[in-house]
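Protein chains in written order, with our numbering: chain X, 1 to 323; chain W, 1001 to 1441; chain R, 2001 to 2762.
Worth flagging that the hints you see were computed from the coordinates, not collected in a lab.
Here are some chain X residues pointing at chain R (derived, C-beta under 8 Å):
#1 121
#2 184
#3 188
Heads up, the beta-carbon is just placed ideally off N, CA and C, and yes, glycines get one too.
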Amino acid sequence: MSRLKKFIDRADIRRFRFWVQLSAFILFVYGGYLSIDLGREMPVFICGYDQEAAGMCYFMPLQHQLARDWERLFSAAGLGVLSAFAIFLLWFIIFNKAWCGYICPLGTMQDWITLLRKKIGVAYSNYTQSQYSSLKKIKYIFLAIVIIFPLLMGAGLFGGEWRAAFCKMCPGRLITPMFVGDFSQWSIDFSSNTAIFLTAFGIAFTILFIVGSFVKKRFFCFYCPMSAMHYIFSPFSILRLKKEGDKCTKCGDCYRVCDMQIFDIADDVVSKNILRDDCILCLKCIAACPEEDALHLDIVNMALFRSTKDGFAKRMGVDKERE
Amino acid sequence: MSQSGPLKTRKRERKVEDPKSRHKRHEAMEAVKALDSIRFGFSENPKEMEYFYDLFERVYCSGETLHTDKPTIGTLCIQAPYEIIYALGGVPVRLCNGFHTDEQSGGDFMPAKSCSLVKATLGMLNQHNIPTVDRLDFIVHPTTCDQKTKSISTIEDMGYSVYHMEFPRHKESEESREYWRRSVRSFAKELSVKIGRKLTRKSMKEAIKKVARAQLAYHRLSELMKNDPVPILGKDIFLVTNAFFFDDIERWTNRVHALCDELQKRVDEGYNAASKRSPRILYTGSPPIFPNLKLPLMIEQADGVVVADESCSANRLFNDMVSVDEWFLYDMVDAVADRYLKGCTCPIFTRNEDRKRRLADLAKRYSIDGVVYQSFAGCQVYEMEQRSIQRELEKIGIPMLYVETDYSPGQGGQLSTRIEAFIESLKVRKRRVDHKKRGAV
Amino acid sequence: MVRFFKRESGDLFKNRFFGFIFKNRKFVFGLQVVIALLFFYAIYMGFYDSSKDNIFTTALFWGIFWPFFIVTTLPTLGRVFCGICPHGFLGKYITKIGLKRKMPKWLQNRYIGVMLLFIGWWGVYYVFPGVYRTPLGTAILFAVMTIVAFIIYYLYKDMAYCKYICPIGTALRAYAKLSFTFFGSYQSACADCKTFDCAKSCPYALSPFNFEKKKSMGDCTLCMECTHSCEAIRFRLTAPGAAIYEKFKIVKEEVWVYILILAAIPISMAFHHGLGRSNISEEMIWVKTAAWAATLFDAGNFNLTGLFVFLYATLFSVAAAVVGMAIAAKIMKKDFSTTFYTLGYAFAPLFILASFAHAWEYFFTTNSAKIVEGMAWGFGFDIDVDPIAKRGDNWLQVFHLFRWIAVAWAFYILYRRFKHIDASRMRKIFAYPFASMLILFFIGVNIYRDYVLETYGRKTHHTHAPQKHQVAAISTIKEEDAKHIWLSDRVPLHEQGGPGGMGQRGQNTRVPQKSIYLLGGDFSKPLCVNEIKGRFFVVDTQNRYKEVKPVKKHGCLSVRFDTPAVGYYKVYYIQESAVGTKIAKFEFKRYDHNSEEEYSKEKMRAKTIKEVPFDLLRVRPDNETFYSMPATGDTVRFLVLKSGVPSPGVTVRLTTQFGWNKSVKSDRDGVASFKLIKDYMPEWSHFNRRFRETYWVEAQAENGGKIDYIVAQERFGRSRDEYSSSAYALIVAIFLLIATAGGVALYRYRTNRPFKEVKFDE
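Isolated chain X, as found in the complex:
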């Protein structure tokens, strides 16, 4: 048992993550070819526009369901919304935000673009602290768009074109189908003004996504409404990211490697649960922490992956004692 623990604690988390992401990407983007269908309540961006996807991102059915007119929505027929939501919640609470860091196809694509940047040798950009605190609120605005726009449709204030407004804006719609050879989403729909605006905005956002993830690690995740939604329910999950504040020396190594620039991992030495709303649970922070047991990934109070001095030494390549 302790040998297994030691093996896990010394693991090269980046390689592990690369392979998990790749497998998840292939499974989800191409799964339809093998008739795999994991349902329409997936807590990650597996775009429904990809005909061969092995599931569908929860936002698309959610928006369609919320867009029903209110008489219907708030009657007993509306219980269907709750049951779909319950399934989404069940999917989510298994992995908490590790869905973002290990499985989300959009996240994987961003990591691949980052690899490309590293290969070329271009330096990354980061937000300053003040930019960070003001920009992080945008993901909640997108979440509001996902929830409120369809509701306003149901109330009769918005027209049918706005039904899945977020889906039109999402970069997943344009990029994910490309992997199965479907480029049809790269078009502007001229049938109405709203359609022109929404499809053009979708293209603009996708370009921003590509350029942004080239210069900033996990650019889109900072604005992702799914991340906001995850965070609201993350206290119920069984996977937790915990910190022992006493052991922390605030050396900042965890924050340095964090893709999402979460200051709190290093600076907060009081909280036990250190999972913040931006966290994608990529576990790079645990891998980079040189203190023994200061950060650990728990599955219902049992530590799964811990920061150890030994593991740190191995990952930095200094575990061979003598030359």
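Keeping the supplied structure of chain X fixed, place chains W and R upon it in accordance with the hints.
For chains W and R alone, kept in the frame of chain X given last:
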């Protein structure tokens, strides 16, 4: 000199010693005295310590110098980034001096109430008499310590070329961290120009790994001190870390690992380097620099054992490690800068929350019975922090002794009395606690 | 006494406006005087003019007082009404000149007030409906209460009327806990206080300095007297309902207020005005009981149904609460009293938020007019205004949300209050559903009421206005005169371009049904056909068929059939005559998003039946699913079958609704292919990408001297190329890529953020 002729008329040769030689001689005397008390004042030293005793003897007593083949960069503070110096092919040499002789020399032009360490260092520099190296190519000083910062102009007047790195006094804010990162980056650029070598990714990576290995060696050593009974006394640990100031880093790392292997054997046998009820002491405060190891020596002569310390001649040097995300220069140099600033528990900062937490953590991990807080007379920041540290330690129920010292040898008697009294009180406490524990069973 | 205090943010008194309206003595006094004058004037008018003309009294009391000062301000600002209540205002002065005796114990019973409210007001409302709707009844109610109040104020001290006798005293105290304000004091100032000016100045003999510590405002009526005595008093904003999560001294009557008022108002109303107004109201138990009771004695003015509604509602609610709590107490091994009264506070939001929503909905649809007209009438003006919104407006639906917010909030409060009970976690989790039984009952009543009204409809007292689609006289044509005869799913009246074929939308029907009409004449000018000689066949998804008799719907002959399953349904009209067989066909695809059968090739395949001697089947392309439909530019293929055998060489003609037509001969396999052209070309602003264009396919063949003829109606949709462009998109994308990438690169290259000037050459 003619030796012939009748005895009566033989001219006695008077050897007139010039001040420089006298100075050197006095220094050597001091070093010998200190080394002897370290080496021979206690029970069986670990065999591997011989290398270190030998090293000190060679360098301080016999006047051998090291690092003749590489550019030597003198540092006045541990915040000077070692990794960058190594990456550019230089050798960092810590200039902090512990000799009373040099302190007296420095006292000629320093105010009377200033820190002994600074006086000693300046005295040494003034004499152009650095014990460990032949020549000093360059001195780098991060503007941490007030008195050292102020003495930079004095040092420059002595003829050295000094580069100061701008160090912030507050480490919590984003601005201060960026400020320090820029200082480190400018330093790297400046140093590469001065030395004449380019900073490459490969050399930077190698340097980071080299320093990391040294840090891990020390961590291994200090882990062994967690054992009860301890396999080695604190005075030896201080000697080992003092050796780090000037020794070749790879050789040092290997030697420390050899020492650890021996100590591991001692632990397996259950060997106790101290006595049965020795209170475990945490030493914190101004750094003991060889040969001024008198306080740890006094503690251990009074039957205590220093198992852990929080000072910049030991623990702080090795505590925080560098972690890099992307192995490019922009990331590596920033990572190095972050390591030095963020984890630093030096009292020169505005807030000292981190130091309190570090002490509490060390106290818990090493099962400390008491803390000895030492500050050099004249070091304002250490003196001012002792109250809050005392309060913090009271909260977790650990007694603290506060002493102010300087390099003068005269204080010895009063100081050792106080320390002995403190150790005694700790022993009594320990006995009571043991009885309670046994009684409760 | 503190003369000056630096107020923290969140303290309403910090704000100048709120500080003024609450603390400025002159303003508050003026306000109280105005309200008292209006109050007495309304009562006086109620007596003076008690006819229907008097809309002032009812507007003041039921339009302004109840919806605004009680229902609206209560869950938001708290008990602010008590601060300006005329009874309290005058009562203070009456008490000053009164006897100032101590109220006897038997009168110090909050249930007096609660019962006055519960029975005296709401009980009477149900049993004698309309009494309080008339000006006279309203005036009598308030006049009586005023007299009682004045007597009590005169006799007893410490404003005991407000605490015990006033019908809304305890009720307001109970519901004010949900507000997002809290009246208390700055503890840092109170810690050193020796004079207790606030308590000394309180007319209710309360101790305001204790409110924060006790976490309860007690009987405080926000009269603001203490604010003049010391500046350390504050009126701070809190999270909504923050007071109700705290551990405060439990007042049993408050819990009973929650339960009884919930029974008296939302539940009784759901029974009486909701279920009682549905088409199955006779089945309801209270109606049955009332009917039975009516046989026993003559009620007269007494409304038996109302009485039993009230009784049953109370019975069910109290039973739900008590039984649920009793079980919960048993599970947690605690005594009933502690459990019931600690957790009973969770029922607070149910009434007040539902009432809040109702009051506001009513305001928008009716009250906004009533108040204006009433107040105007009271002062001699006669104006007529329209209310702000109409009954059926869609956005009013938002008010229906409130009862669910109330339910969610009630569950949450229950969860928080469970923390005050000391029991093991598992037991508490098991006890939770039982403790929330009243909430579940409330949910159940609401869902049941909605379900009943939806399924069985509302009772109507008068005939409906004619349906939306006015069926004017549709011209008809005799079958023999018609040039073409075909089947369609739309009556030839309204041109709709919307999604095809969804004839029903969630009405009272259980199984969806489809109506297909028989049309004749010109394709471009369809008319209804009558006097037919042929027969109708309906084929279901399993290819079973039966003959169906047509009915007249909207003046047209039509067949109606159930479409329970997912798949293709076909309708055939076959008319056999001496010259040949004329067949009209309509194929209808029923699908829904939840079906898993979208990939079933079997269901997709076009099939024929033996009764049809001459058939045209649309051959499905390989990749067709239930979600796809032929579009512009696609090729549609039709298989011609003579008695089930593919027949080549048959002339097949396709005609679109805009007049284009083309004839081909069926090939060796009997298949005729057509490419659907783009002929829907309206003005771009009228272009509807969901437009389904109708087309007809006809085939004619010789059959032993006779001529057989079949016509089938189909639809095709728009292809993406008609309205979306990839070329433009690509141009936009490339332009944006260059712009963004260039912009970012330029920004990174040129910006010298502070401290980032030094850059490395890798």
